[in-house]
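K.L.:
So the chains spell out like this:
2 protein chains.
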Amino acid sequence: MRILLDVMGGDLPPDELIKGGVAAGHALDIDILFSGASDVISSALSRMHERIGSRFSILPSSQTITMTEPPVQAVRKKKDSSLVNGLVALKGGDADAFVSPGNTGAVVAGAVFIIGRIAGIPRPGIAATIPTVEGREIIVIDVGANVDCAPDHLLYFALMGATYARDVLGIDHPQIGLLNIGTEQAKGNKLAHRVYDLLSDAPLPFAGNVEGHHLLTERPVDVVVCDGFIGNVFLKTLEGGISAVSSILSKGVHGNLRGQVGGLILRPVFAELRRKLAYNRSGGAPLLGVDGSIVIAHGRSDALAIESAISAAYRAAKARLNEKIARGISGWSENGI
Amino acid sequence: MRILLDVMGGDLPPDELIKGGVAAGHALDIDILFSGASDVISSALSRMHERIGSRFSILPSSQTITMTEPPVQAVRKKKDSSLVNGLVALKGGDADAFVSPGNTGAVVAGAVFIIGRIAGIPRPGIAATIPTVEGREIIVIDVGANVDCAPDHLLYFALMGATYARDVLGIDHPQIGLLNIGTEQAKGNKLAHRVYDLLSDAPLPFAGNVEGHHLLTERPVDVVVCDGFIGNVFLKTLEGGISAVSSILSKGVHGNLRGQVGGLILRPVFAELRRKLAYNRSGGAPLLGVDGSIVIAHGRSDALAIESAISAAYRAAKARLNEKIARGISGWSENGI
Numbered sequence: 000m001r002i003l004l005d006v007m008g009g010d011l012p013p014d015e016l017i018k019g020g021v022a023a024g025h026a027l028d029i030d031i032l033f034s035g036a037s038d039v040i041s042s043a044l045s046r047m048h049e050r051i052g053s054r055f056s057i058l059p060s061s062q063t064i065t066m067t068e069p070p071v072q073a074v075r076k077k078k079d080s081s082l083v084n085g086l087v088a089l090k091g092g093d094a095d096a097f098v099s100p101g102n103t104g105a106v107v108a109g110a111v112f113i114i115g116r117i118a119g120i121p122r123p124g125i126a127a128t129i130p131t132v133e134g135r136e137i138i139v140i141d142v143g144a145n146v147d148c149a150p151d152h153l154l155y156f157a158l159m160g161a162t163y164a165r166d167v168l169g170i171d172h173p174q175i176g177l178l179n180i181g182t183e184q185a186k187g188n189k190l191a192h193r194v195y196d197l198l199s200d201a202p203l204p205f206a207g208n209v210e211g212h213h214l215l216t217e218r219p220v221d222v223v224v225c226d227g228f229i230g231n232v233f234l235k236t237l238e239g240g241i242s243a244v245s246s247i248l249s250k251g252v253h254g255n256l257r258g259q260v261g262g263l264i265l266r267p268v269f270a271e272l273r274r275k276l277a278y279n280r281s282g283g284a285p286l287l288g289v290d291g292s293i294v295i296a297h298g299r300s301d302a303l304a305i306e307s308a309i310s311a312a313y314r315a316a317k318a319r320l321n322e323k324i325a326r327g328i329s330g331w332s333e334n335g336i
Numbered sequence: 000m001r002i003l004l005d006v007m008g009g010d011l012p013p014d015e016l017i018k019g020g021v022a023a024g025h026a027l028d029i030d031i032l033f034s035g036a037s038d039v040i041s042s043a044l045s046r047m048h049e050r051i052g053s054r055f056s057i058l059p060s061s062q063t064i065t066m067t068e069p070p071v072q073a074v075r076k077k078k079d080s081s082l083v084n085g086l087v088a089l090k091g092g093d094a095d096a097f098v099s100p101g102n103t104g105a106v107v108a109g110a111v112f113i114i115g116r117i118a119g120i121p122r123p124g125i126a127a128t129i130p131t132v133e134g135r136e137i138i139v140i141d142v143g144a145n146v147d148c149a150p151d152h153l154l155y156f157a158l159m160g161a162t163y164a165r166d167v168l169g170i171d172h173p174q175i176g177l178l179n180i181g182t183e184q185a186k187g188n189k190l191a192h193r194v195y196d197l198l199s200d201a202p203l204p205f206a207g208n209v210e211g212h213h214l215l216t217e218r219p220v221d222v223v224v225c226d227g228f229i230g231n232v233f234l235k236t237l238e239g240g241i242s243a244v245s246s247i248l249s250k251g252v253h254g255n256l257r258g259q260v261g262g263l264i265l266r267p268v269f270a271e272l273r274r275k276l277a278y279n280r281s282g283g284a285p286l287l288g289v290d291g292s293i294v295i296a297h298g299r300s301d302a303l304a305i306e307s308a309i310s311a312a313y314r315a316a317k318a319r320l321n322e323k324i325a326r327g328i329s330g331w332s333e334n335g336i
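Chains as they are written, first to last, in numbering that gives the first Met the number 0: chain H, 0 to 336; chain B, 0 to 336.
It is possible that some hints are incorrect.
The list treats identical chains as interchangeable, and a pair is accepted whether it falls inside one copy or across any two copies.
[Claimed, not checked] With a Cα cut of at most 27 angstroms, we get these calculated BS3-like pairs of lysine-lysine: (1) K250 <-> K275; (2) K76 <-> K90; (3) K76 <-> K189; (4) K275 <-> K76.
In short, the hints are calculated from the structure, not lab data.
Work out the full structure: start from the sequences and follow the hints.
P.N.:
Encoded structure:
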């Protein structure tokens with residue numbers, strides 16, 4: 000298997016991302032095709048004592064799409080960017096999956112323009128995986144591909160999220176919940192009401208509404224569906240709550256001797272906390288619904304996060320996730336949904 | 000001053016809420032009018048060795064609106080509920096403010112029907128106060144009064160939130176931010192784009208977009224405006240993130256001897272954490288934009304939370320917040336907004 004890695008558009012320098020790609024290549028025994036400025040990549044590889052060959056190769060580009068560029072224009076204008084070149088190469092079959100920590104909107108727009116959607120899917124959705132207190136995972140889809148959703152978009156997010164949960168994460172009979180502001184059926188805005196009805200009527204294991212305050216502790220469902228604006232706010236707010244606690248704790252255990260001693264004694268507890276709730280390190284989020292395996296990594300991804308995102312892409316490609324989503328959709332069409 | 004307390008509709012039994020009311024009455028040297036079943040209130044007061052008189056009096060009712068009832072129907076049908084009676088008494092001038100931990104939708108619907116809106120305000124908004132890492136506060140409005148907002152609703156939330164910040168919380172020159180999924184102007188959904196433009200053109204100190212992951216640690220603004228669906232998801236997710244960390248920590252410091260020793264040594268740090276980020280204990284959220292002082296307490300409010308909500312109501316009433324909001328609106332109208 001060969002995975003394409005966009006090393007230019009992240010917040011951290013290409014060297015850091017290349018390090019993650021090299022680590023993933025060795026760990027998973029796969030080939031990595033680095034998309035970006037070829038001098039930067041080749042000198043980074045040589046510093047890491049890696050040869051350019053079949054294991055590690057370069058897809059050269061002269062442009063970079065930055066985080067703040069308007070996505071659609073950026074993709075249209077920067078035809079020789081690491082992002083656009085990567086997607087064109089994926090489409091052409093030069094790789095099995097594409098990983099980018101770059102401008103999320105540009106990855107989504109580029110994927111739709113260049114790769115195209117799976118037949119029958121109205122909109123792709125980004126599926127983030129969040130860890131729970133018990134060390135299990137919940138999928139949240141969409142976390143930012145579509146910021147103005149129609150009700151049926153969320154119905155397809157549910158199907159795609161459930162397929163991902165079952166076929167990639169190995170969750171049997173995944174239960175689906177709708178992110179809402181109360182558990183009762185009548186709660187929520189117009190969109191939530193319509194989606195609730197659609198999900199209730201669909202041949203999907205819909206478990207009703209779920210709320211943000213009990214997701215991580217009670218894990219009421221396996222897959223949470225929501226509009227991409229809400230999902231993005233949800234994800235960032237979760238990160239904000241956790242980092243607020245961490246910040247207060249960190250000050251406490253560095254403030255004075257007593258705190259330092261306590262911090263030392265509780266080191267395993269804090270390590271477990273970091274391991275369990277390290278949102279900015281976890282996985283990378285697959286863009287589901289486009290006709291190619293694409294994983295969006297966090298903009299602030301370091302080498303470890305990139306390695307983890309490549310591993311997510313590897314698992315999705317290996318499980319032939321897109322074929323399974325396409326099969327699910329065609330099953331629906333035959334049954335008149 | 001006399002404050003009305005609805006003791007029937009919360010998650011906890013009336014006795015617990017009455018305890019909070021009694022504590023607030025003594026602490027603030029104000030009168031409390033308890034709205035609810037008179038036998039329940041009088042026996043609770045007698046158990047607390049309090050006499051019924053001017054300090055503590057009863058507004059009797061025979062019905063209770065529960066948490067799960069559809070708000071509008073509940074308010075229309077249950078004319079002799081503690082909630083409806085309380086609002087009618089507030090409207091009649093029997094009290095200076097009304098505090099309820101009951102069905103939020105019913106409080107909002109009842110307030111609009113019975114008390115009415117301040118002239119010029121299209122929709123009321125619930126203003127929650129969230130503590131930051133540095134021990135300061137941020138106001139988030141709306142957190143659930145309106146789940147389908149038009150752009151101009153958020154403009155008025157901004158005006159009301161800023162007035163509350165300045166005149167009740169004593170924040171000089173409060174800065175306003177729009178809850179969004181990126182800080183750049185172009186980020187967000189259609190609603191966010193329109194609100195961004197409205198806020199930029201308004202005579203308000205608008206500081207741009209803010210995101211959930213840095214609010215508590217960086218505190219970029221004093222007032223955050225958002226649609227009530229988003230605001231409610233935001234608030235509950237913050238609570239969820241914090242409670243997930245607390246749950247892991249709690250297991251860690253109770254799991255084995257080492258954890259217990261560490262927990263004992265770090266007790267002051269954990270106490271500070273609880274004090275700073277005790278979301279379910281903090282304040283109570285004023286419903287701004289209706290022509291009376293109304294504070295919505297958390298459904299799970301205990302005595303301490305009720306005392307704190309009464310204190311918030313007391314401060315809002317004392318600062319004549321509604322008159323100041325009305326004056327702000329009429330200033331706008333004169334200036335052609």
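K.L.:
The structure should be examined with respect to each hint, and the outcome stated for every one.
P.N.:
Structure-based check of each hint:
Taking the shortest alpha-carbon separations for K250 and K275, both the intra-copy value of 21 angstroms and the inter-copy value of 13 angstroms come in at or below 27 angstroms. Proximity of K76 and K90 under a CA criterion of 27 angstroms is satisfied intra-copy only: 19 angstroms inside one chain copy versus 61 angstroms between copies. Proximity of K76 to K189 under the C-alpha cut-off of 27 angstroms is restricted to the inter-copy arrangement: shortest distance 24 angstroms between copies versus 37 angstroms within a copy. In the homo-oligomer, the alpha carbons of K275 and K76 never lie at most 27 angstroms apart, since the shortest distance is 41 angstroms inside one protomer and 48 angstroms across protomers.
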